[in-house]
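*Asks:* For chain A, the structure is supplied; the task is to place chains B, C and D on it using the hints.
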Amino acid sequence: MHELFQKIIALPWDQAPQWLFLIPAFVMLMGAAAAVMLRNLIHCALCLTLSFIALGVLFMALGAEFVGFVQLLVYVGAVAMLILFAILLTPAGEVAASNNPLRNFKFSRAFAAAGGATVALLVLVSLLGAIFFSPHARAVVPPAQAAIAPVKAIGENLLNHTLLPLQATAILLTAALIGAALLAKEEKKS
Amino acid sequence: MNFIDLLKRIPEICKTPETLPLEGKKLILDFVTWLGSLVGIAVPPWVLTLVNILVVIVAIIAVFLIMFALMSVWERKILARAQNRYGPNRVGPWGLFQPVADGIKMLTKEDIVPRNADKVVHFIAPIVMLVPALILPVLLPYGRGMVAIDLSVGILFFFAVGAGSEVAIFLAGWSSRNKYSILGAMRAIAQMISYELPLVMSAVIVALVAGTLSPTGIVEAQGGYQFGFFPNWFVFTPWGFVACVLFYFSALAESNRSPFDLPEGESELVAGHLTEYSGFKYALFFMAEYVGMFAINGLLVTLFLGGYQAPLPFLTFIPSWCWFFIKLAFLAFSLVWVRATMPRFRIDQMMQFAWKFMLPMSFAALFSAAAWHYAGRGLLGWGISAVLVAIPYFALGYFCFTRHHSADNRRYLFSE
Amino acid sequence: MNFPGSGIFKGMVVSAINLFGSYFDRAHAKRLITEQYPEERPTLPEASRSFPFLVFDGDPEKGIRCVACKICEKECPPQCILIEQDRDENGKLLRRPKVFNIDISVCMGCQICVESCPFESIRMDNIYEVSSYDRFDSLVLPKEKLLKSNEYYHSIHPTEAAETDARIEAARLKKEAAAKAAAQKMAAAKAAAEAKAAAEQSSQPESQA
Amino acid sequence: MTEADGAGAQTLDVSLGPQHPSTHGVFRMNVRMDGETVVKLQPVFGYLHRNHEKLAEGKSWLGSMPFTDRLDYICPITNNWGYALAVEKLAGIEVPDRAEYIRVIVGEMTRIQNHTAFLGFILGDMGAWGSALMYAFREREKILDLFEGLTGARMMANYMRFGGVRCDLPAGWLEKARAYIETYPAFLDEMEKFLTGNEILLSRLQGVGVMSAERAINGGLSGPVLRASGVDYDIRKVDGYGVYPRLKFRVPRGTVGDCFDRFMLRILEIRESIQILQQAFAQIPQGPILNPAVKTRGFKPPVGEAYGRIEGPKGELGFHLVSDGGEKPYRYHIRPPSLINLTLLEEMCVGTKIADVMVILGSIDIVLGEVDR
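Chains as they are written, first to last, in my numbering: chain A, 1 to 190; chain B, 1 to 416; chain C, 1 to 209; chain D, 1 to 373.
Chain A on its own, in the form it takes in the complex (with noise of 0.2 Å):
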């Protein structure tokens, strides 16, 4: 008995969160895949969410604090948010119109999962390159050195290496904020 709590006790436990960073992961995985699967548009959102939260908690995991609380207030904070107040917003009926050309095609469920699968395949091969073949994956970085850098490391990058681009963006996004506005407006008016 003593024998066996002492192995316990002298597990690796400090290297928990080598292998812990699993749950989220797996957490992610689900969440996605619910929200592609599930039938309730609410709940495939929630979901949604919860993967979303996942994924921040993988990037603090990782010791990239910044981004994981980023990755939580801009995407559960607002953009899904933003998708709920979506589908509440858009009236029910709209949704199940039938007016798709494709449905009456004899292959269409096959040409859709095809090409689906072509995308995800797409998307894996690219993403797994660029951790692959990308520097950054071969310099190894000890995460408590990450998590103390970022922030100022990101403002004087943001504010000093990538000013233009930045600048660019907002007014993009600026442009395309009172874009919406007028759409918005001129359909009250009709």
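It should be emphasised that the hints constitute simulated quantities derived from the structure, not laboratory data. Fair warning: there could be bad hints in the mix.
As the list claims (entries may be wrong) - Straight line, CA to CA, 20 Å or less: simulated PhoX-like cross-link-like pairs of lysine-lysine:
id : chain 1 : residue 1 : chain 2 : residue 2
1  : C       : Lys62     : C       : Lys98
2  : D       : Lys193    : C       : Lys30
3  : D       : Lys54     : C       : Lys74
4  : D       : Lys40     : B       : Lys179
5  : C       : Lys185    : C       : Lys196
6  : B       : Lys26     : B       : Lys8
7  : C       : Lys10     : D       : Lys193
8  : C       : Lys70     : D       : Lys295
9  : D       : Lys328    : C       : Lys74
10 : D       : Lys353    : A       : Lys185
11 : C       : Lys185    : C       : Lys174
12 : B       : Lys179    : D       : Lys353
13 : C       : Lys70     : D       : Lys328
14 : D       : Lys295    : C       : Lys74
15 : A       : Lys185    : B       : Lys356
16 : D       : Lys54     : D       : Lys328
17 : D       : Lys176    : C       : Lys30
18 : C       : Lys185    : C       : Lys175
19 : B       : Lys77     : C       : Lys30
20 : D       : Lys142    : C       : Lys30
21 : D       : Lys300    : C       : Lys74
22 : D       : Lys54     : D       : Lys295
23 : C       : Lys70     : C       : Lys143
Claimed, not checked - Residues from chain D shown here face chain B by an in silico Cβ test under 8 Å; the list is partial:
id : residue
24 : Ala128
25 : Gly130
26 : Pro185
27 : Asp189
28 : Glu190
29 : Lys193
30 : Thr196
31 : Glu199
32 : Ser203
33 : Leu268
34 : Asp356
Said to hold, decoys possible - Restraint ranges, calculated between C-beta atoms of paired labels, are given here:
id : chain 1 : residue 1 : chain 2 : residue 2 : range
35 : A       : Val36     : C       : Val13     : 54 to 62 Å
36 : B       : Gly228    : C       : Gly21     : 31 to 39 Å
37 : B       : Ala62     : C       : Lys145    : 55 to 63 Å
38 : D       : Gln286    : C       : Ser149    : 31 to 39 Å
39 : B       : Pro93     : C       : Lys70     : 56 to 64 Å
None of the values given here were measured: they were computed from a predicted structure. Backbone N, C-alpha and C define an ideal beta-carbon position, used for all residues, glycine too.
*Replies:* Just chains B, C and D now, kept in the frame of chain A:
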């Protein structure tokens, strides 16, 4: 080391209240080590880490739940007094045991789930609500060296985790299959998204001036006294005052407090997203709302009110963590005070207030803070930043409000 | 001074004044007017009324003023009064009630029975702790519970009771005076009749003679 | 839950009430909303119907008096007054001077407490957590205490009688009332400081539920709601019943006709009522309080019909009575101001937000006891 030594340390620890909680924690860790030596094993460091974490978690949850219990009766007392009533005074001395009675009532109540409700989501919602609320308090610095996780991106952490409560409110409203609930949920989300902007903006201003996103760093930046008595808190600067007020109102909106209690506005939506909740689930929502409220006000204390710093130099004999809770209590009191005074906003006015007044004002405060920073933090900086916030305030106040609504532009005729 | 937000500021000041003022309202007259009911009892004004009761003088059986005329039963707007007239052993109706029930779950305390009563026998009580767990029987007050002495009436509505007593006294005096007058008249008539009879008697012999 | 109407917009039908925190009782509104905007509103009432008018045909003339207390239970004494006035008109009964003055005193005090309570109620509808309501009820409480000292009951007074009032003022009552009314302007100032300038209140009330003078007249509105739209119509002036012609007071009226005008008008009317009360306290004569010709039992007015009306706190309160010469009314009909003022509710509400509906309903100041009778 033996047990008697540990006991002997207790009076020593109590002699220095400033470090009492930290020393207490150390004592508990030593106690665990002693327990290990009792069974004849050397306690591995990860166990100590785990115990350390557990002690902190238990302490924070216990403190916040006790505060919640006290607040629930204190709020009713203050509200009652502001309305010239007595408030709860039947259970225990001054009604102090009222939370116990409430808790027993809540626990023994029937848990009703509407037949058409989405039962799983209906069940999950209170949990989703409570978890972020209980996570939030970990990053607040309660005293010198007393912070559970000293994150370099603490402020960001706060807002990121706080986003979870929006999801929870949506879940609650949507799963209840009740028109009032869904309307309340929609209002809640619209409100929280809108007010997150001024909230984050006013926090950004502080981060800008303090040069850090770490709560401890921000509190340390507010240490010291001007002229030997005037505290260097951010609220005592023009931009800081404006940002503090903006943060305060945004915090009211984020925690659904009056006058921003539209999501559960009882005169319109009965109870909003909480309409179909009863018993313990309702209690969980209630608890989460209050803990979240304390957390966000704790952040306000950290950002603007100098955190654990004493307001005057000669008051430093009171331990720093006491100052934090004194300030938090004052803010909690002011919340009830506001609640006792103001009617509720209307949904469109609330949105206008967020987008047309609060957001421009937070930008103005941002410019003002920048000016204050570069003008040398002296009298000149004071003047410039004061002007930079005063002009937008009066202009926005006129254009958003006084131009449309004023009691002075009304005429009443009298006939004999 | 009107700056944006000044109205809210003024409102906050008022609520703060009320908040702290309520702690200094020692007399509980201006701000904190709540009566802490079971410990503090309200001092009812003299006119206060709740439910009717029946007044008796002296003995609750003999002194009952009610004569079972059933006017109040007829006038009662929510019709909460039930009266049965008493009979003696021969079945002759007596001028007193056998049954006098008031259903106070129906009674609205309007006082119309009091005003319509020509015998000053029904009056308004000021009790207010009459709730009970039983919905039906214990809320129908029978005669025994309704009967209360004139002294009790004086203790709750002194002015009104004094007026009532004065009225009854006046009526009694008037009645006595009337009775006296009637007796006198009767006596006078009797005397006159006797005198007449005597006169007749005295005259008879004359006529006989 | 949702349905698409012809225009393709998604609307939501909500049944507000009869169990709803702010419908002032068991009132119900079927509201169709587009988002938060009201596109259709249908009031449903009758949940509190008590058959008052038909019941009165089975009671003696006096027997209906206590039931009028229950019409508008916030201000029972003016209901008594309206009924008494109608019967007096029907039977041609003179009222002694002192009784008329007492009626004016209790009537105006009723108006004050009704309007004060209104200030609290409308703040409750706006979602203030009861502070204004508690301040209003604190002062109303004191007036109700005065009423209890006079009539024996705080609310269900049953005080008026045909040809006068039921009982004379108790000793010292007049002094107490006068002393209390003297403190009232200070309370009103506090209330105005608390409410009138509040920016949130202003933005909630101004420009909401605007009613033009023409529509208000056509809709048959009366009372403060009508005068807020700018119509100078006060039955106290128009009919000059009681001793009102002897008292000097002004009738305030609004210029815009929105909820804020209705709100302010109540405050102004309280101030005028205080003026009336002070004059009445000074002028009240000694004398009888009840016309001795009127019998309590077996009162029978002559054959005929009459419509008696007063300016109640909520508007024109009228009683239409038909007598066949018997002990009971042949026909008894009430013109309840709450109900008539409610008829234009939809017109005021359509196009506003759902939160405004509550405020507009509150600004009309209804009491369901009177709406449903």
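*Asks:* Hints first: check each against the structure and report whether it holds.
*Replies:* Hints versus structure:
1. Lys62(C) - Lys98(C): holds, 12 Å
2. Lys193(D) - Lys30(C): Holds, at about 18 Å.
3. Lys54(D) - Lys74(C): At roughly 18 Å apart (the allowed maximum being 20 Å), Lys74(C) and Lys54(D) satisfy the hint.
4. Lys40(D) - Lys179(B): holds, 17 Å
5. Lys185(C) - Lys196(C): holds, 15 Å
6. Lys26(B) - Lys8(B): The given pair, whose Cα atoms are some 14 Å apart, holds under the 20 Å limit.
7. Lys10(C) - Lys193(D): holds, 6 Å
8. Lys70(C) - Lys295(D): holds, 18 Å
9. Lys328(D) - Lys74(C): holds, 13 Å
10. Lys353(D) - Lys185(A): Between Lys353(D) and Lys185(A) the Cα gap is close to 19 Å, so the pair holds against 20 Å.
11. Lys185(C) - Lys174(C): Status holds; Cα separation ~15 Å.
12. Lys179(B) - Lys353(D): holds, 16 Å
13. Lys70(C) - Lys328(D): holds, 18 Å
14. Lys295(D) - Lys74(C): holds, 16 Å
15. Lys185(A) - Lys356(B): Distance ~17 Å between Lys185(A) and Lys356(B) Cα, so the pair holds.
16. Lys54(D) - Lys328(D): holds, 11 Å
17. Lys176(D) - Lys30(C): holds, 14 Å
18. Lys185(C) - Lys175(C): holds, 14 Å
19. Lys77(B) - Lys30(C): OK: Lys77(B) and Lys30(C) at ~19 Å, within 20 Å.
20. Lys142(D) - Lys30(C): Measuring from Cα to Cα gives roughly 9 Å; hence the hint holds.
21. Lys300(D) - Lys74(C): holds, 16 Å
22. Lys54(D) - Lys295(D): Not satisfied, since the Cα-Cα distance of roughly 24 Å exceeds 20 Å.
23. Lys70(C) - Lys143(C): This hinted pair holds, its Cα atoms lying about 14 Å apart.
24. Ala128: holds, 4 Å
25. Gly130: holds, 6 Å
26. Pro185: Nearest chain B Cβ about 17 Å off; hint violated.
27. Asp189: Status violated, d = 14 Å.
28. Glu190: With Cβ-Cβ at 12 Å, over 8 Å, it is violated.
29. Lys193: With a minimum Cβ separation of about 11 Å from chain B (threshold 8 Å), the hint on Lys193(D) is violated.
30. Thr196: This hint holds: Thr196(D) lies near chain B, its Cβ roughly 5 Å from the closest one there, short of 8 Å.
31. Glu199: Holds, about 6 Å.
32. Ser203: holds, 5 Å
33. Leu268: holds, 6 Å
34. Asp356: holds, 7 Å
35. Val36(A) - Val13(C): 54 to 62 Å: Distance hint for Val36(A), Val13(C) holds at roughly 58 Å.
36. Gly228(B) - Gly21(C): 31 to 39 Å: With Cβ atoms ~37 Å apart, the hint holds.
37. Ala62(B) - Lys145(C): 55 to 63 Å: For Lys145(C) against Ala62(B), whose Cβ atoms are near 57 Å apart, the range 55 to 63 Å holds.
38. Gln286(D) - Ser149(C): 31 to 39 Å: holds, 35 Å
39. Pro93(B) - Lys70(C): 56 to 64 Å: For Lys70(C) against Pro93(B), whose Cβ atoms are near 57 Å apart, the range 56 to 64 Å holds.
Of the numbered hints given earlier, the model fails hints 22, 26, 27, 28, 29; all others are met.
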